[in-house]
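Chemist: Chain by chain, the residues run as shown.
There are 2 protein chains.
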Amino acid sequence: MTTSPTLVDQIKNQGNIIRKLKESKSAKEEIESAVKELKALKLKFDETKPLSSVYKFEKEKVDYLLKQRFFMDQSFSIYGGVSGFIDFGPMGCAVKNNIINLWRNFFINSANSVYEIDCPVITYDKVFEASGHVAKFIDYKVKDVKTGDCFRLDHLISANLKMILKKKHSDVENEKINKILAQIDGYDVNQMQQLINEYKIKSPVTGNDLSEPTKFNLMFSTKIGAAGHLQGYLRPETAQGMFLNFANLLKFNDNKLPFAAAQIGKAYRNEISPRSGLIRCREFLLAEIEYFYDSSDGGKHSEFTDSIQKTIITLYSSDKQLENSPAFKISIGEALDQKIIQKENVAYYIAKIFHFLKKIGINTELIRFRQHLPNEMAHYACDCWDAEILMSSGWVECVGCSDRSCYDLDQHSKHSGISLIANKVLEKPLEKMQEIVKISKRNISRKYTSQTSNIVSKINAMSFDDKKQMCNEIEKIKFFNLKINKDVYQINSDMVSIKTEKFTIHIEDIHPHVIEPSFGIGRIMQALFEHSIRTRKDDENRTFLSLPVISAPYKCSVIPLSKHDDLIPVANLISTNLRKIHIAHRIETSSSSIGKMYARTDQLGIPYAVTIDFDSVRVSPSTVTIRERDSMEQIRIPVTDVCYTLNLIIDQPDSGWNTTREKYGLFKNQINKI
Amino acid sequence: MTTSPTLVDQIKNQGNIIRKLKESKSAKEEIESAVKELKALKLKFDETKPLSSVYKFEKEKVDYLLKQRFFMDQSFSIYGGVSGFIDFGPMGCAVKNNIINLWRNFFINSANSVYEIDCPVITYDKVFEASGHVAKFIDYKVKDVKTGDCFRLDHLISANLKMILKKKHSDVENEKINKILAQIDGYDVNQMQQLINEYKIKSPVTGNDLSEPTKFNLMFSTKIGAAGHLQGYLRPETAQGMFLNFANLLKFNDNKLPFAAAQIGKAYRNEISPRSGLIRCREFLLAEIEYFYDSSDGGKHSEFTDSIQKTIITLYSSDKQLENSPAFKISIGEALDQKIIQKENVAYYIAKIFHFLKKIGINTELIRFRQHLPNEMAHYACDCWDAEILMSSGWVECVGCSDRSCYDLDQHSKHSGISLIANKVLEKPLEKMQEIVKISKRNISRKYTSQTSNIVSKINAMSFDDKKQMCNEIEKIKFFNLKINKDVYQINSDMVSIKTEKFTIHIEDIHPHVIEPSFGIGRIMQALFEHSIRTRKDDENRTFLSLPVISAPYKCSVIPLSKHDDLIPVANLISTNLRKIHIAHRIETSSSSIGKMYARTDQLGIPYAVTIDFDSVRVSPSTVTIRERDSMEQIRIPVTDVCYTLNLIIDQPDSGWNTTREKYGLFKNQINKI
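Those protein sequence lines, which keep their order, are chains A and B. Numbering-wise, the working numbering comes out as the position in the first sequence, counting from 1, plus 6. Numbering-wise, the working numbering comes out as the position in the second sequence, counting from 1, plus 6.
Bear in mind the hints are in silico, worked out from the structure with no lab data behind them. Please note that a few of the clues may not be correct.
Just so you know, same-sequence chains aren't split out, so a pair can sit in one copy or run between any two.
[Claimed, not checked] Quick list of in silico lysine-lysine cross-link-like pairs, BS3-like style, CA-CA up to 30 angstroms:
1. 365 - 272
2. 229 - 208
3. 73 - 168
4. 229 - 147
5. 257 - 602
6. 28 - 365
Please model the complete structure; the sequences and the hints are all you need to start from.
Modeler: Here's what the structure looks like:
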């Protein structure tokens, strides 16, 4: 990121000018004018900075709006609530459904061989024993030694260090803490214990001492069956269901690689310290893909198009993090060429994730892809890039893109005894030299007649390595003493020998590798709401949600100006016609003023409002107004054009409104001011 | 249900004729001809019976197809599987998504004021304590006294009685057992224990004795939080989340009744004896509506249209069940008039449920609405009609339609202390006479000067009933001895008196009542598959799924006749264009014969197939064939017409194919025979 040095010079220079003006006790007006110029320069300088360093979040306004308009609420709130659980109201639910529908279109319907499946949440414990989750899906907790309150170790340390930073310290000390904060995701438990000791961290609630860190498995557990013999866990990711069905899916795809499984469903993590809102819930919605491929092709992807390649993204590689250097912008193609991203299929998914987030309405300047630090990776991953989105609480992981290699399929093959592999018919049969041990029954029988079959069985039962060792010994000392029960048989090179032979291989076993893009839908929604809130220029308190049409809970409001008997039938007719063409809408039935009704439809993020006023029924032909949420511009069109027009502007979110406004002209009257 | 008596007479008569022909040793041809006639008469008679009494299910073929084509599979099967859990493969998942989308359109988008919300599965125990599920959501289980195997009491008895029926018994005994079977859903635990004793029922696995029945709560439980202090249950229905959000939803609907909440999500019941397939799963998908209304309007529904009223359905009222009489056909309007269904809103939902099931492809002759028996109702319901669908395993409850009255909201008001009620502004204010207790401070102070405020406080703190009793005593014996600590004060009618006064009431409290249609999506899917399977006339083993377009997992297949390089680009181009107009489709990439590819697309239930053959690339203009699954008819159309044509026939499932066939004419060539 480069900033204009001349601008910095200008600011310094202007500062000097002001200082001199003050020293020389110049006229007040002169000083004020110079200060004004300095401010303008500083503003210009701010604009050269990345948006992520200057973006202002309005968390309180967002929270208030989301609760007020029932996008969401704390679950079980009439019973005091339980943290980590969120209810989606009608508006939150509609936004969620829109995001899911777009996800399906984007990642399943518009891609080759991606198959959605749906597996249970309650999962047999054998699955998570094999996957490693029973042993390794843990966080460390520390307890307040007096109250028993639990805290998540890494979060407690981060929070404490950030508090320390806020107080005045030496630059050296601050830099040290900043470095720890940048790398803490990679710390092990001992390093974290050292920090607890070094910074004398206590319980943040009581100030009491803390216990030693202990492991805490994040999976919710439950018993299955009336007898309670079977142990189940609520899945912490949807992935395992897709691995378990690998053989079914491979068959469905005509036994060919690559293909992908997709799953959209709830996942559960018994977080030690859940956050409020949608950032760290105990129950949350995931949309995951497992892309199975033959790693011998080097990770190519058949849909790696030119437009994918040219996608510009912000990357924050592990190198840069360890150097404490900033993230940087680069095209997907260059990132591959420079081997910052190793595989084309990972790069493909990173680009697709970026385009998806952009399409639903995330501010692309507030997205970066951060590579996991070597110690930070989940137990199943060998590389991972997180799509992080900047929100009021900082950079938050919203989509993970992990390279799980062949870890999971191999684990399940091992634990279940069922081989989860694919076959590849080789285009050219391979010729391969291979050592084999040859046993001559005839030569054995010449010496040990009746014992031949026993001896052959014994040798056959030996491992290849043991057989090879036997042959080596024969080569050295001309014989090998084979013991069967209490008898010893002398085996020589006529009986057993090792040879290298040529084999022709037509079919090869493949242990498929897996790339996993995993979307936390709730977190993406939280980002969307935080990026979409706006306030009207003339009224700080008048907020609205500038959601794109595709994410908006309803596409339009139908608003009768009053509850007058003449207006309602027109509203109902418009509603009936909109239903026919499947435009999600809402009739305003309150008896509020038109201003309040517009304020509400704006807060619900509804992009358009059709208003029926008295001109709609008293002037022929009947006309209504359509109002655009962000600009508050209005047009007046015949009632008969409503469906066609709305369909057009909804289908063409970039240009539709402008085209339509040009066609009908702006409409201005007293309503327009509201 | 009436059958033609003349037809029965004809059959008897024809039987007599044959008997006589045989007795008189008539010519073989003559006898055979008479037998043929008898068979024709019997077939004609069968056709007069309700379909439900003659329908033949092909469960094995369905099961084989569903597994073979990965509509679904037993979960965790590589680890031996756990009963009660099912994985949906790509085809099952697509059918499920189609059903859910249609459900949303049908019950949410096309209705007034229905709001979808989404609440967590893990639910705070206080919720289920209030709702009564902790105490009452139970089944009875019996244990094999030696092995500890558990069985669900009612199912064990039913299965045993059905076994007994299969053996020869007296008509009296059979009739008795049939009566028990018809009413067993209404039996209590003591009645069931008696049956165990009477029929000497043992463990079906080992023949061992069984334990006394014990209660078993069907909710899965889990602990919430790192300290494990909070008890949670996995919800056995989605309903409670909607009750908990009543106040939020009421506000969202401008504080007006009626409105409805809807929720689509997983629910969990730890079944004692889950069945295979989708009938009784431990984890299953529900789509539920809670329709909140003011019961003082008698249960009217504003969308009770003429077409709803005229819907003909099969009803099986509790009266008829107790009489052991059959179900009967009736229109929704008549069922209301005859008070078989009590409320218009219940009747409305019954009709909507019927139309929905019809639309997704359920055979309407195999649907009946069965009223619950008085003892059978869930603890929260005061009336309930189940939409039952006939399947291979008998009549299965697939949609419940319960009248939950104000049970749930009242329970939550009581347990949470937060009043979950609505207000109604009365059109005409009500004048109401009400008794009130009047306290005269002045008269008290005349006698007890300094103690006045203590006395007034004491009286105010009394309940209304206690105050009334005090006044009654004053009326009888002229005074009342009020004790405060050790002092006694004599209260007379000048100090405290009871009066009846007129009040004007403008706003009335309403305790909303609730109608709950609750859809078991898995069961509906099982019925759909069982009703849709067909076999080709010329080949018993060649099955296909005759799914309606709206439920079909893909709308068409794109099939290159061979893997020849010339054909693939045409297939890809068609696919790209179909994606643009959002027609879900699949390109066949296998190298099977065209016959096998058609067989597969038929088994996947895909209604249309576009086939690219060599004429598509060698003859100009380029043409392809479109084949209809059920009739196997084909047309040949220009490539450029494919999207338009498919869009038309998909949009008009009733007439589109016929119109298109008439336009282009039937195409016949060697492919047609396959």
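Chemist: For residue 229 vs residue 147, is the C-alpha pair at or below 30 angstroms within one copy, between two copies, both, or neither?
Modeler: Both: 25 angstroms inside a copy, 17 angstroms across copies.
Chemist: If the cutoff is 30 angstroms on CA atoms, where do residue 257 and residue 602 land: within, between, both or neither? Let me know, please.
Modeler: between (58 angstroms within a copy, 15 angstroms between copies)
Chemist: Treating 30 angstroms as the Cα threshold, decide for residue 365 and residue 272: within, between, both or neither.
Modeler: both (23 angstroms within a copy, 29 angstroms between copies)
Chemist: First find the shortest C-alpha distance between residue 229 and residue 208 inside one copy, then the shortest across copies, and answer within, between, both or neither for a cut-off of 30 angstroms.
Modeler: between (37 angstroms within a copy, 27 angstroms between copies)
Chemist: Given identical chains, is residue 28 near residue 365, meaning Cα to Cα at most 30 angstroms, within a copy, between copies, both, or neither?
Modeler: neither (52 angstroms within a copy, 82 angstroms between copies)
Chemist: Cα distance capped at 30 angstroms. Does residue 73 pair with residue 168 within a copy, between copies, both, or neither?
Modeler: within (29 angstroms within a copy, 55 angstroms between copies)
In summary, the one numbered hint that this structure violates is 6.
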